[in-house]
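For the protein sequence lines, the chains are A and B, in the order given. Quick note: the first sequence, position 158, residue 158 per the working numbering, numbers continuous. Count along the second sequence from 1, add 1000, and you get the number used in the working numbering.
Quick caveat, the hints were computed from the structure, so don't treat them as lab data. One should not assume that every hint holds.
Stated by the list, open to error - Sample of chain B residues with no beta-carbon within 10 Å of chain A, all distances over it, derived:
| # | residue |
| --- | --- |
| 1 | Arg1019 |
| 2 | Gln1028 |
| 3 | Ala1124 |
| 4 | Ala1142 |
| 5 | Arg1203 |
Stated by the list, open to error - Facing chain A, from chain B, some residues (calculated, C-beta under 7 Å):
| # | residue |
| --- | --- |
| 6 | Met1099 |
| 7 | Cys1100 |
| 8 | Ser1105 |
| 9 | Pro1107 |
| 10 | Gly1125 |
| 11 | Ala1132 |
| 12 | His1216 |
| 13 | Leu1226 |
Unchecked claim - Covered by chain A, per the in silico footprint, the following chain B stretches (three or more residues, Cβ under 8 Å):
| # | stretch |
| --- | --- |
| 14 | 1133-1140 |
| 15 | 1179-1193 |
| 16 | 1247-1260 |
Idealized CB from N, CA, C, for every residue including glycine.
Each chain, written out:
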Amino acid sequence: MTARNGASPPASGAPGRRLPRPGRITPVRISSFTAVSALGRGRDAHVDALRERRSGLRPNDFTGTPLGTWIGRVDGLEEQVLPGRLAEWECRNNRLAWLTLQADSFIEAALQARDRHGPGRIAVIVGTSTSSIGASEEAYRRLTPEGLYPEDLRRPIVHTPHSLGDFVQHALGLAGICVTVATACSSSAKVFAQAERLLRTGLADAAIVGGVDTLCGSVLFGFNSLELVSAEPCRPFDVERKGISLGEAGGFALLEREALAGPWLLGYGESSDAHHMSSPHPEGLGARLALEDALARAGLEPARVDYVNLHGTASARNDEVEARLLADLFPARTRASSTKGWTGHTLGAAGIVEAVLTLLALREGLAPGTLNSRRLDEACGPQIRLENEPAAIRYALSQSFGFGGSNCVLAFGGELPA
Amino acid sequence: MNPPVRSAFVDGISFWAPRLPGWELARQVLRGETTAPAEPARRPAPALLPPTERRRAPDTVAVSLEVAARACEAAGLDPATTASVFASTHGDLAISDYMCDTLVSTPTLTSPIRFHNSVHNAAAGYWTIATACYAPYTALSAHTSTFGEGLFESLVQAVTDGWPLLYVAYDIEAKGPMATMAPSAGLLGAGLVISPRASAHSRLRLDWRVVDGASHPPTVASPGTLALVQGNAMAPCLPLFEALATGRGEVSLALGPGLALGVEIVALECRG
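Please take these sequences and the hints and turn them into a complete structure.
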């Protein structure tokens, strides 16, 4: 089905056709953050891989049925064991969630926050695209002769999208608001927006945000059916790009309005494309609205943005539209890149993984380039860089766009804008 | 400690289930003014979709577009400029069954359309496409607390953003082996337009606060109402719609294991 409204889309900012431009928000501290991806476990592993320009992609060794593509697979997930008290949530996706909670002692920071604020005052707002559908896929492979799930997989919580949020809440012993956001590839970016709104109301003191998505048959063969996967490691913005490389990852961030240290969430912007389920708006209208709203909430002009982590999937359409948007809105001094050549496209986890990479770029003074790509598409302006560059990065954006035309742009700062 | 009570306004209400097809009828049945039809209605065919696609649309899309459109209509709200929150416990159970089944036998023959319709935000995606809406939506799930968490997020957005928004909650019938672990029967869609301020379209006031879950167990709908939507995963929405039908009442909706959303529906004074 390719529903498309016959009406022609309105021009950007046409009166009455969009919500009013938002005002500035009070920035929120990010007191702890971490990620696990094909690059390794925790912040240092990600910084090292960025600096060494070492990709985490490998030839597909995940699917039983051969599929000639490259994937960003997390090592050691098969051996990971959940503590006995969490056995009910056992599945690949929650194993990765557990591994990610251990990275950079994130779990310690979360538990300290629980002690400070109380378990009911900390929200869990996490994103995923497919959650633990891998467990349901496995159940279908191992159905009993009666057509029932095998006994070890008769655990309803791992066969529903909220598997992830419920697991994180129980793993951390929390009792507050708990939601799993599933808007495809914008999921774990939108969790920052939802958490900021919640903290603003004073109905929670802190929020665990982030997301986890793991490789599974659904996404590998699903993206294959759309002819979007590349037979070679993905080459974002390359003139000869041939599609995406899928990956898996997890990441978390602790947002606290009252924290004393840590970088800032300055703003967010969300929008819809109103165009197509699996193809971006041709003029990038939705993406532009999200970008403009993120800047408005942050109180930033485009010229003050030092680095933009792009969605940059290496699909033909996304990269062309996104490159034109960047060239239109930003001066040449703003650096921009896609880091998917390192991690692959981690779908529902892309928002948090790229938020973490953006926060690391701020902290390390390193503007990552674009890995695997050789010659940039002519749609690219001077903003999009192939090489890593040392750079003082004060303000940075991270862009995530998903199926169903769901867009989210996040604005981060190492300091507060004047 | 008494948590602060906040107020929002209900500007539009919609509902669709096979034996309660449409809010006007559902309202009368829930008020005890009439009985539900014995025969289930055929699934809605949303006028927003092109005629060729009305029958092909997944159940999730058909039922959610129906209630989304009716709620906006009732509220006199332009969908093109309205932000929305979509909530579904299990998402598209029929497509999940198809995907898992196909992956066992013929993974390389996976249907691209069914795959892109398998995302949890498919219904929200089709809604924004059909209404040329550039405003944000979200799509969420919280297992048995899905309805409460979705309503809570809608109320938070109304407070923080200051404009009316659309809340759509739905679940569909489970298919295949999946039905044993993610049970859900029939179709159920429910829609609300929630506004931070009273308007000419406001019908009811909704006073809400977050309370302790242990001392506020979820309100249970009357047996008669439950029987009409037997076994749908979105049934936890029913107590609120009973209160909306009568124009008054207090309801407690689960927000996970620890909290509850306490809601009081208050009738507004009759307007000229």
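Outcome of the hint check:
1. Arg1019: holds, 25 Å
2. Gln1028: holds, 33 Å
3. Ala1124: Given that some Cβ of chain A is not farther than 10 Å from that of alanine 1124 of chain B, nearest at about 6 Å, it is violated.
4. Ala1142: At about 5 Å from chain A, alanine 1142 of chain B fails to clear the 10 Å cut-off, so the statement is violated.
5. Arg1203: holds, 23 Å
6. Met1099: holds, 5 Å
7. Cys1100: Holds - the Cβ of cysteine 1100 of chain B comes within 7 Å of chain A, reaching about 4 Å at its closest.
8. Ser1105: Violated: closest Cβ of chain A sits about 10 Å from serine 1105 of chain B, beyond 7 Å.
9. Pro1107: holds, 4 Å
10. Gly1125: Holds - the Cβ of glycine 1125 of chain B comes within 7 Å of chain A, reaching about 3 Å at its closest.
11. Ala1132: Holds: closest Cβ of chain A sits about 5 Å from alanine 1132 of chain B, inside 7 Å.
12. His1216: It is violated, given that the least Cβ distance between histidine 1216 of chain B and chain A is near 13 Å, above 7 Å.
13. Leu1226: violated, 20 Å
14. 1133-1140: This one holds; 8 residues, not fewer than the three required, reach chain A with a Cβ under 8 Å.
15. 1179-1193: holds (count 3)
16. 1247-1260: Per the Cβ count (5), the hint holds.
Consistency with the previously given hints fails for numbers 3, 4, 8, 12 and 13, ordered from lowest to highest.
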